[in-house]
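**Q** All chains should be built: construct the whole structure from the sequences, respecting the hints.
Chains as they are written, first to last, in UniProt numbering: chain A, 1 to 305; chain B, 1 to 222.
Note that these hints are calculated values from the structure, not bench results.
Among the hints, erroneous ones may be present.
What the hints assert, rightly or not - Calculated pairs, DSS-like style, for lysine-lysine (alpha carbon to alpha carbon, straight line, at most 25 Å):
{"#": "1", "chain 1": "B", "residue 1": "Lys126", "chain 2": "A", "residue 2": "Lys74"}
{"#": "2", "chain 1": "B", "residue 1": "Lys190", "chain 2": "A", "residue 2": "Lys74"}
{"#": "3", "chain 1": "B", "residue 1": "Lys190", "chain 2": "B", "residue 2": "Lys126"}
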Amino acid sequence: MFSNDGFLTGKASSSNSGQTHVFTSFPNSAVDPEDEHFGDQSSDTDKLVLPLPATAADAKPEQSYVWQIEYYQKYFQIDTQQVLERLAASVTPRPNKSYFDSTIRQNPDLYGPFWVCVTFIVTVGISGNIVNYFHLPDAEFQIDFSRITLSAILVCLYWWLMPTFIYFFFRWRLNRIEYTFLELLCLYGYSLAIFIPVSVLWIIPINWLQWTLTFIASLVSGSVLVVTFWPTINSDHKRLSAISMLVVLLAHLLMAVCIMFVFFHISDSNINPKSVTTLATTTLSSTSTLTATTISTTTVTPKAV
Amino acid sequence: MDTDQAPFLTTSTQGIDMIEGDITLPSNRTNSNELSTLDEPVLDTIKRDLGAVLRKFGYAVVPRHSSTLLQQWDLWGPLILVTTLAILLQSNATKSSAGAQFAEVFTLMLIGSIAVTVNSQLLGGKISFFQSVCVLGYCLLPLLLSAFVNNILLYIPTKSTISILHIIRFLVVMAAYAWTMYASVQFLGKTQQPNRRMLVLYPIFLFYFLIAWLIILHAHPK
Numbered sequence: 001m002f003s004n005d006g007f008l009t010g011k012a013s014s015s016n017s018g019q020t021h022v023f024t025s026f027p028n029s030a031v032d033p034e035d036e037h038f039g040d041q042s043s044d045t046d047k048l049v050l051p052l053p054a055t056a057a058d059a060k061p062e063q064s065y066v067w068q069i070e071y072y073q074k075y076f077q078i079d080t081q082q083v084l085e086r087l088a089a090s091v092t093p094r095p096n097k098s099y100f101d102s103t104i105r106q107n108p109d110l111y112g113p114f115w116v117c118v119t120f121i122v123t124v125g126i127s128g129n130i131v132n133y134f135h136l137p138d139a140e141f142q143i144d145f146s147r148i149t150l151s152a153i154l155v156c157l158y159w160w161l162m163p164t165f166i167y168f169f170f171r172w173r174l175n176r177i178e179y180t181f182l183e184l185l186c187l188y189g190y191s192l193a194i195f196i197p198v199s200v201l202w203i204i205p206i207n208w209l210q211w212t213l214t215f216i217a218s219l220v221s222g223s224v225l226v227v228t229f230w231p232t233i234n235s236d237h238k239r240l241s242a243i244s245m246l247v248v249l250l251a252h253l254l255m256a257v258c259i260m261f262v263f264f265h266i267s268d269s270n271i272n273p274k275s276v277t278t279l280a281t282t283t284l285s286s287t288s289t290l291t292a293t294t295i296s297t298t299t300v301t302p303k304a305v
Numbered sequence: 001m002d003t004d005q006a007p008f009l010t011t012s013t014q015g016i017d018m019i020e021g022d023i024t025l026p027s028n029r030t031n032s033n034e035l036s037t038l039d040e041p042v043l044d045t046i047k048r049d050l051g052a053v054l055r056k057f058g059y060a061v062v063p064r065h066s067s068t069l070l071q072q073w074d075l076w077g078p079l080i081l082v083t084t085l086a087i088l089l090q091s092n093a094t095k096s097s098a099g100a101q102f103a104e105v106f107t108l109m110l111i112g113s114i115a116v117t118v119n120s121q122l123l124g125g126k127i128s129f130f131q132s133v134c135v136l137g138y139c140l141l142p143l144l145l146s147a148f149v150n151n152i153l154l155y156i157p158t159k160s161t162i163s164i165l166h167i168i169r170f171l172v173v174m175a176a177y178a179w180t181m182y183a184s185v186q187f188l189g190k191t192q193q194p195n196r197r198m199l200v201l202y203p204i205f206l207f208y209f210l211i212a213w214l215i216i217l218h219a220h221p222k
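**A** Here you go:
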């Protein structure tokens with residue numbers, strides 16, 4: 001067993017000669033990643049196995065846990081080209097071809113929706129700040145983070161709640177899972193993309209322009225949503241399908257209107273509250289006096305006549 | 001006793017053979033020096049760390065390809081930069097809101113760095129969390145310089161809402177922003193495969209844009 005210079009050799013003259021002893025009951029942290037015998041271990045102990053280090057050459061790829069980054073990487077398998085395609089498709093409602101089937105269904109991702117929401121919140125915050133900046137003298141201006149957090153919560157809630165409702169609605173109504181929750185999240189996230197340029201245009205302080213933009217934007221992205229859901233809901237009772245599509249559109253419009261009003265209030269709230277009330281009272285009083293004078297003149301003039 | 005064990009036993013009768021060696025893994029220089037730096041004077045440690053931080057500042061300002069910023073990351077530079085920036089960006093602070101303003105900027109920086117880093121990891125980048133935070137923090141240096149310049153320019157009184165000074169400030173900050181983006185693209189862009197590079201760079205673009213925006217909007221400290 002021992003050669004002349006004291007090292008172990010393969011040759012042994014004892015009864016253990018010719019046998020190689022394979023250890024099987026060792027902790028997995030002791031595994032040499034290059035050891036090819038590792039794969040022989042039984043798989044029913046998988047649940048107790050610590051995950052192999054990421055540098056392991058032949059690591060089993062499926063074994064990732066909720067607290068590991070690799071678990072979430074499967075939601076981010078997307079390229080730049082695909083993201084751009086989905087963004088473009090979310091603003092073009094095409095009644096014949098559902099972009100959902102052609103693009104999202106194979107590979108729903110969370111990158112696009114998440115960063116579209118974040119960009120939306122950021123542009124709303126920045127545009128609101130610009131609106132404030134022009135209304136206040138330089139010295140009194142402060143960045144108000146509370147409005148930004150409010151709009152952030154609103155947008156994120158919308159992004160998550162609507163897919164939840166639709167998912168459960170389809171599940172209850174159709175008794176099957178037509179769209180997975182991830183696909184719905186993806187769809188709703190991309191549908192917010194049109195509001196990003198719109199929120200920049202919302203800075204322009206013309207009232208009818210803001211309302212028109214709101215309507216057009218929510219109509220366009222809402223119709224993309226409706227077109228996507230239509231083939232599924234069409235097989236159902238006609239009235240219910242119409243109502244549900246209308247609800248989708250209205251929810252979209254409501255979200256846009258809420259953001260626009262938070263905008264308006266961004267422009268008003270940083271003004272000294274006293275001036276807001278004085279502004280309100282002066283407008284009210286001026287309109288009331290105006291109406292009073294017009295009424296009095298109209299009542300007076302017939303008498304004069 | 002077996003005859004083939006005899007050589008072993010005979011050598012053992014001469015005393016135990018001391019086996020010497022190093023069980024530590026072959027490491028780079030810094031690891032093997034770790035133990036020995038415990039004994040050096042404090043001034044040496046400070047000088048060495050300070051030198052490393054300053055060298056990284058140099059890399060951030062003049063971006064050239066070097067692995068120093070990534071391999072030997074440290075968080076001193078980002079901490080100094082973020083704290084200085086948060087102090088500079090305080091304006092119109094009443095006694096109670098000064099702390100809140102500092103916290104806002106600091107939190108924005110922290111959450112932004114975390115979001116960008118997690119995003120780049122999720123997209124399959126081969127960069128670790130602290131390396132990314134380190135690079136993002138160090139590349140902030142041009143924006144900090146522009147905040148200094150901004151503050152100095154704010155002391156020049158101006159009457160109108162939009163004056164030439166506003167435009168100069170805006171341009172200075174935008175130039176610093178472009179410089180910052182260029183530096184961070186040099187470092188962080190290379191860690192990602194080419195078909196996803198824009199996906200990783202876009203959050204960085206947003207993050208630095210937010211910070212540049214905070215600097216532009218900074219009004220006169222009273």
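**Q** Okay, which hints does this one fail, numbers in order?
**A** Nothing - there is no hint that the structure violates, so all of them hold.
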